[in-house]
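One letter stands for each residue in the lines below.
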Amino acid sequence: MNFGNEISRRALLVGGGQGLLGIALRNLLAGDRNEVPHFAPRAKRVVWMVQNGAPSHVDLFDDKPTLRGRQGEQIPDSVAAGRRFSTMTGGQTARPMLGSIAKFARHGASGATVSDLLPHTAAIADRLCFVKSMHTTQVNHAPAITFLLTGSERPGRPTLGSWLSYGLGRMSDDLPTYVALTSRDREASCGQIFYDWYWGSGFLPSAHQGVKFRGEGDPVLYLQDPSGIDRALRGAMVGDVGALNALRHAVVGDPEIVARTQRYELAYAMQASVPELCDLSAEPDSVLASYGPDVRRKGSYAYNCLMARRLLERGTRFVQIMHAGWDQHRNLDTQLAIQCRDTDAPSAALVLDLARRGLLDDTLVVWGGEFGRTPFVQGEIDAKNRGRDHHPYAFTIWLAGGGVRAGTTYGESDEFGFDVAKDGVHVHDLQATVLHLLGIDHERFTYAFQGRNYRLTDVHGNVVRGLLG
Amino acid sequence: MPSLVRACRTGAAWLVLAGAAAAQQASHWAFTPPQRVVPPAQAGSADTIDAFVGAALAKRGQRLAPPAAPGELLRRVTLDLTGLPPTPEAIAAFEREPSEAAYLAAVDRLLASHAYAERMAWPWLQAARYADTDGYQNDPTRGMWAWRDWLVEALHTNLPFDRLTEWMLAGDLLPEASDEQRLASGFLRNGAHNGEGGRIAEETRVESLFDRTETVGTVWLGLTMECARCHDHKHDPISQREYYALAAYFDQTSETGAGNDGRARPTMRYLPPAQKLRAAELRERLAATPSSVKASAWRQLGPQRKVAEPLPLLAAEGWRTVAEYADGVVHALPDTVGATYLRRTLTVERDVALPISLGSDDGLRVWCNGELLLSRDVRRGAAPDQDAVTLALRTGDNELLLEIDNTGGIGGFYFDQRDAERQAWRDELAALERQAATVLVMDSLPVDRRRTTRVLDRGAYDRGGAVVGPGVPTVFGAGPQGDDRLALARWLTSPANPLAARVAVNRAWQTLFGRGLVTTPDDFGTHGAPPSHPELLDWLAVWFVDSGWDAKALHRLIVTSATYRQTASASAEAYADDPDNVWLARGARRRLPSWLLRDQALALGGLLVQRVGGPPVRPYQPDGVWEEATFGQIRYVRDDGEALYRRSLYTFWRRIVGPTNLFDEAPRQACTVRESRTNSPLHALVTWNDEAYVEAARAMAGRATAAGTTSTERIAWLWRTATARPPTAAELDVLLRRHEDALVRYRANPERAAALLSVGAAPPPADSSAVELAALAIVAAVILNTDEVLSRP
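These protein sequence lines are chains A and B, in that order. With my numbering, the residue at position 380 of the first sequence is 1679, and numbering never jumps. With my numbering, the residue at position 402 of the second sequence is 503, and numbering never jumps.
Hints should not be assumed to be uniformly reliable.
[To be verified] Taking CB as the label site, the calculated pair distances span: (1) Q1523(A) x R480(B): 48 to 54 Å; (2) A1549(A) x A807(B): 32 to 38 Å; (3) R564(B) x G1455(A): 38 to 44 Å; (4) D1713(A) x R559(B): 21 to 27 Å; (5) E190(B) x A1549(A): 27 to 33 Å; (6) Q1523(A) x G162(B): 51 to 57 Å; (7) G1455(A) x D679(B): 27 to 33 Å; (8) A1380(A) x V479(B): 40 to 46 Å; (9) A1380(A) x R480(B): 47 to 53 Å; (10) E534(B) x P1375(A): 54 to 60 Å; (11) D1681(A) x D724(B): 45 to 51 Å; (12) H1759(A) x A673(B): 43 to 49 Å; (13) D1376(A) x R564(B): 17 to 23 Å; (14) E303(B) x A1380(A): 17 to 23 Å.
[Unchecked claim] Sample of chain B residues facing chain A (criterion: CB under 7 Å; computed from the structure): (15) S670; (16) R719; (17) P723; (18) A771; (19) V883.
[Said to hold, decoys possible] Restricting the straight-line Cα-Cα distance to at most 20 Å, the calculated cross-link-like pairs of lysine to aspartate or glutamate (EDC-like) are: (20) K335(B) x D1757(A); (21) K377(B) x E254(B); (22) K377(B) x E281(B); (23) K395(B) x E425(B); (24) K407(B) x E418(B); (25) K160(B) x E636(B); (26) K1721(A) x E1742(A); (27) K1597(A) x E728(B); (28) K377(B) x E529(B); (29) K1597(A) x E636(B); (30) K1597(A) x D1584(A); (31) K1597(A) x D724(B); (32) K160(B) x D679(B); (33) K335(B) x E1742(A); (34) K395(B) x D452(B).
Calculated directly from the structure, the hints in this document are not laboratory data. For every residue, glycine included, the Cβ atom is placed at its ideal position computed from N, Cα and C.
The following block holds chain B by itself, in its conformation from the complex (with noise of 0.2 Å):
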């Protein structure tokens, strides 16, 4: 072999080619802004699109294929923008009016649907690795999914891609930051956690910064980090030492890459505005009311040294009046180890027996009228409701001793009568803690603690040498103004930054599309693929930015377009022309991603239970798949009622396991922005098998029973619903043979009839006979299983 052919295939190549790549690199058309490209023909701006791919194609001698049926459009369109099928009723409506208003008008109400926003989730949280648990040995479940409301709901809102980005890279970082800013920059904290016995804690932490490090380098720059880790990169201008420098942005927080619970510190407990609010009335009014008994403000003294008989204190000199210390919340006491003691007056006009409610922190002593009540020696924070005591109250004045307990770390107490009224807020008040979530978020470090990045030999943790500061890679010109992640994040939606706009739109071009115009989306660089339509990219990168970076106006530009309008029907021939349809001279036909088949089918069985966030939830998954892959130390136990019927971006995603009716889904390891779509045998085992689906094809009979009168009737309003149009006579007769061949299967052995009919939690209709939905059942599923309906048409 020759020798340079040899050493190109060892890698040694690169060595050879070093020189002239780096010719290369800093004019790679990646790393130089987008320009504002004049389109071929000057017109409206969704018909700019068309121009440019109107441009390619005549170069080719070929055009934009006409208009999808008015179905097939709506079908299209409502599946690409909300991830879920047209309603019979819409689908009638667009037939009757398939107008150019009637479809912008349908454009505008799928953008405005919650249902828009869950949608364009997926993509985020397979970028951002997103998982309910952390991964590894012991799989712990962490709180996360506060941070995908937060998604949703900046995508319902549509917060500018700018804003997204200072938010998700730095939002705890933003002038007095709200608790939905902090808690979007759990985005970097979504990475797996490797809490592994015998684990080296800065290991992990380290892990963790190039997890962070790389997901920002995909999702922003498109560039692939990976290499730069242990050697300066061979084909894209990043050197090892730039790879840390940006590492460094991320390498001021406290984490330390202990803990093995889901919780690995830093964190927040967030619970939403509304239940937030609701808490804060409560916490108030429990503090404003007053109780029955007449009580004196607290005084205090200390924290000072414990001592063993403390009531000879009360006649010691030092004790303070405290006025702000309200009943039935939790305060502070200095961080001083020791013990506090607090005493007040209790004055009642007949004796009583008063129940008390107490929290402190490391230990608790209470004396009343000089008796000792209780003594607590226990490590712990305070907390309401720790500990209840009953005081004898006797006519009068009465005189009640706390000591408080603080063996280090900030100390606390908590002092509540207990009266009917006030546990029911107290009750509904816990109620509301319990709903909040423990997310994992960014912090920084106080000046005097920050860390020293260092470039790391071949990556490994104990191996630092130079040190490197916070920057970004020089082929980019001027960097960040300041040192900070929101320096960083106003940067890279700078006109500095050549990459995040078009990467961008790259992206949405490939959730409409299934292909980006780079079809490399997670490498822009040297050695990624070149743009098929670089002059369109461009356009729309700087049209993106002119928009104020709004991605519902990108969505919409798009899927108003001609090009994305064509028909997908074509010749063979055209398809084996041009098979990956790079030049778009046809509707971009595909499979449908797994997540979307299952609510797709929930969908149209009636079934889907569109309720938006909330905690992950469990749906039907066969026995025993997380107890083998956790030596059944966690068990699946299904939940009932509407969970079953949710969405499946609210699935509950164990990082170990994935959920296992789906299909070619990034294992949420690492930031992935490629789509995968494959074909397997196995794929069909599931939309045939899964309980899902079995259930959806039943509840579609049921559906299409009262839907029609006739079997024709019924089996052409199945079809309608699920392919969005008329079945033709040669498709109904298969259905109708099928259909009655079920009947007479089913006739003859009703048992397998109402077998049929029990799979699933949802009960059959009571009024139909069970021999005919059965077999309108079958009929379902076939329908269910075509490749039609598999696909985004």
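The following block holds chain A by itself, in its conformation from the complex (with noise of 0.2 Å):
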């Protein structure tokens, strides 16, 4: 029998782990948890808008003058020809080109050109910095948002918000660490389903895993008490179950009896803290209305804007909205600007609200989809409901808070929205920004399961200096 192997490497790990190659395995095999942060962090806590179903950039933000002069014609095949699209248009053989279906302006001192569909964002240009060079791999939404969120386009892996509540950890005692809030399109256009890995803890502890807040009812299940149990009973019978647990431990020396208890007490707390979160009636009018008429709806995106902010000001590390509704393959004319007009007061206010709030200095904010939208037709180019498929090549997305360099937009596409043009973003690049805006190096952020050291940004990425600021 041969364990000799074991041995030596136990030894290296163990005992004795002398000399450089030992210290780099060691470090390669345990990861580096306990030195994040590595540098000192712009940002502490991170709200991330994720818009499923993918907006359109070249309605919303990239403004393409040739698709507009030349609408109707065939994009080149110098430019489409062999490009992987979705099957809603892998078959189709004419793509001609769609000019943009909103009107484009220069915003602010930057002059960021922002479509008149998203007013309330343009209004704020000068806090926000533009990625235009942003690119993926996925065609597809689940593989695509999956890949976005955790660096891997299948299953399985832990999300971002589960590794910075891993690295980083908790900042609250009674709020979760990281909190995902859906919401979708009052039409329900589109079939968006947000799968509970978006916000799954992959290998890492599942305490890592995000905590979904329904959109009804109490954002946490089994928050209630039972009927018949008020708050001093219920008190009463936590206190039971510590003294129980006390007696316990005295026979049973085992600390996970006295971990259990202490977990008792917080979830008795946040039974409390919880419900203080959603209550709204502080709120001054001028603050609500300047998240939309949407605000008050449980679960609608305002509601959800609102609540981030709440729960960033509270100790909440992590805030994960999505929003489904933007995947107009059809009816792009009249869905895209239901969509705006629901998304972007709400999407500016909280941007404003954490900058009155001096929160947005170390909040960091990302907005934006999976992937882009074709500059080419879905569907008849004359038709009422055509559309965009989905578009991976080259999209916009924007940032703001926390480290980033305000009021610039950074990269382009070539003149048909179509292929990245200059300082292309991939997305393991802005995982790796983000990260490094949180002090943390996303080479060295590491965990090791199944023999291997995983990473947000698997073998990949490179911090983007042109955005920080």
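Please assemble the complex out of the two chains, which come individually in their own frames, going by the hints.
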């Protein structure tokens, strides 16, 4: 039998660990959680507004006169031939260009280009950093969103929020560290589903998985005591559990028994802190109004944006807002405007609200979808129900807040808005940059699982210095 | 930073280390066959475990702890082997006579129960990534519960692990495969299936292929194959080419990746044996029983070109008699496109109206005595009772003519006379057939349609490169004798594979101790954890093979060891000294898995319904969870009655949003063999507030009321039933004081007592005072939430 190999490895890890190789190997195997943050962070918290379904970059941010001027002409084969699209247009041989359905103007001192569908976003343009050269590898929603959130297109890896919970720990005793909030467009125009792995912890301990707040009823399941048990009685019962656990701990010295009692006390505290979180009575009318008319409707995007601010100011580290409804394969002309109307004011209000409360300086804000939409039409170019298909090769997102270079536009797509022309930012680059802003070197932040050291960015990703303020 | 360190951290280290690693890989312990180790002290088989563990402890100057108290031990072994707590009667009996013989008898009784099979099925469901839906958009329901029932039965009858392996990986390929063997191959089809709109079918098929390959890698080789999908494995001896060679075994099914209805082919309709027998009996009876009308045998013309006006055909040449077309059974017709004409003479002694029932392929016309009675043009497959028509029969002979259209595929027709008795048989048969599950299974492409398996560049489905044939990684030497899944299955449990037995016994150890001898049950490779007790692992592996891969014998061997039976009572210093209990100087106490907590609560409340098998059930779940996850597309309609009280094994598992009252559960997206145990306040909210737990607490109170006359007796009964030991005076004092306090509160507000007792569907006992019962329910809820009851002792 040969265990020598193991013994030598164990010696390396446990005992010896001498020499460069030993140290390097130990780091590789153990991960560097204890060293996180690796350097001074620019942001302590994150709110990521995931626009599921993929907003159309060429209608909202990336103004392409060529598409307007040559509307109806085939997009050149030199650009589009042989490229992969979803099966919605994969079989479509005609790919006529479709100009923006909205008007563009330049906004703010920075002169950022934003279409008139997003007036509130345009109004805060000087606080934002637009990235017009995003690109990804996936052409279908679930894999692309999974890729954006976990660095891998297949379900099962930890999400960014879980990585941060694991690495940076909690800032609140009675609210979750990582919260996911979901909403969808009112017309239910598309069937984008929120899979629970979108806030999953993958192979990280499940304590780091995002807590999905529900859009109706209590935000956390099982929060309410059953009928017939009031707060005082529940408090007494928690005390009993603690007393009985202490008695048992005297016989069985398992520290888990003590930890259990602490968790029960925390649960009791949460039962009070979560309702307080959801009580909007102290919010000034002007603040409520800034989030738009939907703000009081539970489960709406506007409500979730306000909830995000309340969570962040109470110590939640990572809020993941997800809004479905951007998948305009059809009815682009009508649906896109509705989408924008429902999301534009709340997104901008969240940025301003954070700024007003002094939280924006150390809160990173990210807004964007999993890919963009095709510069060519899906369906007939003159049809009322025309749309655009999925487009992974170039799209736009924006960032704001902690450590971000405000009032800038980074990167360019080509004249069709089809491919990246300058300063491409891959999804892994974005992830590396986000970690960097939180004081984390994405290459050193690893977790050993199944014999491999996993990172959010796999073996890729570069920090994009041009996005940093 | 030194460049080497930097290189290591970026992953480029593997290039630096690759040379050394390659040399080490071949001699890595797990890739050499398990050795027949001589135990440190010669003894009976169960004692051998203790000899190995004791020898390791001796090196640390420690020894095994004394045995657990009888109640603690009985609760432990009952929870471990069946996932349920011991009954009050079993606790009392074992405390009266805590002998070795009584313990062995209890173990045998537990192993023989169906509850054992249900409990041991759970880790298999996690490994099999079992769910009741496909996953992804629409998340359609599938009928894999029949596979789950097969698994439970196989564990109950103790199908040896090597046979189990054959059945699950290649049951469909066994000679004259039975329905159950084909069903078992559904193991490979339990993965998620992405039928999202716009999805490329081949991409989904390739994902399933990866999923299958990696699942088999994890379960039978203890190796993580995933890396090798895109490139040669960096530290285990699996090249990318070898990954695709292993995948090639699973590539030869007719699966296309298409389908978004939970029935992606290949599938089978499965009925359990008893129902299947009954269905056959009914079909036979329908076929054999003559009806009141005398009917000639059918005569058939065609299939041939369909004609607009077929009556003249009655005079045509070419009609042939087909005696075997019995009534009440669907008969297949050739897959020729066109029409088949069928005729028969019906003779009656007086004028009579005869209702008949028909089924047909894509179209049907019916004439009686030259009169057109029915004309249907419909795309369908033939089935019973698709159309009904009444024939006005005249005294003497009557001529019935059918025209069956076929626009493609296999044709068919069905005919029966409708009388009351036959209708009853038909109804029963239809009811039976509705119970049949559509199960995703494996099949094998015919030789002329075999796929060519290629290495896929970076795992991309559309970037096929070099052609590979089936094979296992060369580190294992001689591979399977044959190139199909059956050959692979047989090889996996052959002496040529050094890993299957080790990996299997390690999982069994993990189930019983909460921690494997190798703590990375999914990774026995060079970067997995080394075994804490390498000789014991090998000894167990060899023993398991020698036993004929007998899982029950293995479980019996472990739970009868002194190592297993140690007390968990130890000082805080002892816990601090070995927090993970690597060296086993005490009992392996730990929090119970969440599914088991619910089962335990149901059992303690006397609510548990121990019915084995069947379609999944929908017990209590907060409103709106499925609706929110599916944008209102799918509603959660709670079941009533006994479905509320079935074991968690039978709770409907929607892949995109699993049961909400479970935690630390594998999300059923991919094969999982690791156990996760965390400690979150959200868990406390479940066991305090989930309707199932509140209802269990009040049901416990009802049982306690019947079991004692004083508060002290009742509370002591509750404690003893839940912990399998009597309360100490201090414990009893805490609970009595809470009981007094709750009585005061509920007397002041009796409507609150009534409110508490209204939680859950079970009616409160009629003969008890609501205030008394509610106060006792508070005590029961406290007991259910103590760390001791939440833990396996």
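How the hints compare with the structure:
no.: 1; hint: Q1523(A) x R480(B): 48 to 54 Å; result: holds (52 Å)
no.: 2; hint: A1549(A) x A807(B): 32 to 38 Å; result: holds (33 Å)
no.: 3; hint: R564(B) x G1455(A): 38 to 44 Å; result: violated (22 Å)
no.: 4; hint: D1713(A) x R559(B): 21 to 27 Å; result: holds (25 Å)
no.: 5; hint: E190(B) x A1549(A): 27 to 33 Å; result: holds (30 Å)
no.: 6; hint: Q1523(A) x G162(B): 51 to 57 Å; result: holds (52 Å)
no.: 7; hint: G1455(A) x D679(B): 27 to 33 Å; result: holds (32 Å)
no.: 8; hint: A1380(A) x V479(B): 40 to 46 Å; result: holds (44 Å)
no.: 9; hint: A1380(A) x R480(B): 47 to 53 Å; result: violated (38 Å)
no.: 10; hint: E534(B) x P1375(A): 54 to 60 Å; result: holds (58 Å)
no.: 11; hint: D1681(A) x D724(B): 45 to 51 Å; result: holds (46 Å)
no.: 12; hint: H1759(A) x A673(B): 43 to 49 Å; result: holds (46 Å)
no.: 13; hint: D1376(A) x R564(B): 17 to 23 Å; result: holds (21 Å)
no.: 14; hint: E303(B) x A1380(A): 17 to 23 Å; result: holds (21 Å)
no.: 15; hint: S670; result: holds (5 Å)
no.: 16; hint: R719; result: violated (16 Å)
no.: 17; hint: P723; result: holds (5 Å)
no.: 18; hint: A771; result: holds (5 Å)
no.: 19; hint: V883; result: holds (5 Å)
no.: 20; hint: K335(B) x D1757(A); result: holds (14 Å)
no.: 21; hint: K377(B) x E254(B); result: holds (17 Å)
no.: 22; hint: K377(B) x E281(B); result: holds (12 Å)
no.: 23; hint: K395(B) x E425(B); result: holds (16 Å)
no.: 24; hint: K407(B) x E418(B); result: holds (16 Å)
no.: 25; hint: K160(B) x E636(B); result: holds (15 Å)
no.: 26; hint: K1721(A) x E1742(A); result: violated (25 Å)
no.: 27; hint: K1597(A) x E728(B); result: holds (15 Å)
no.: 28; hint: K377(B) x E529(B); result: holds (12 Å)
no.: 29; hint: K1597(A) x E636(B); result: violated (59 Å)
no.: 30; hint: K1597(A) x D1584(A); result: holds (17 Å)
no.: 31; hint: K1597(A) x D724(B); result: holds (15 Å)
no.: 32; hint: K160(B) x D679(B); result: holds (14 Å)
no.: 33; hint: K335(B) x E1742(A); result: holds (17 Å)
no.: 34; hint: K395(B) x D452(B); result: holds (13 Å)
Consistency with the previously given hints fails for numbers 3, 9, 16, 26 and 29, ordered from lowest to highest.
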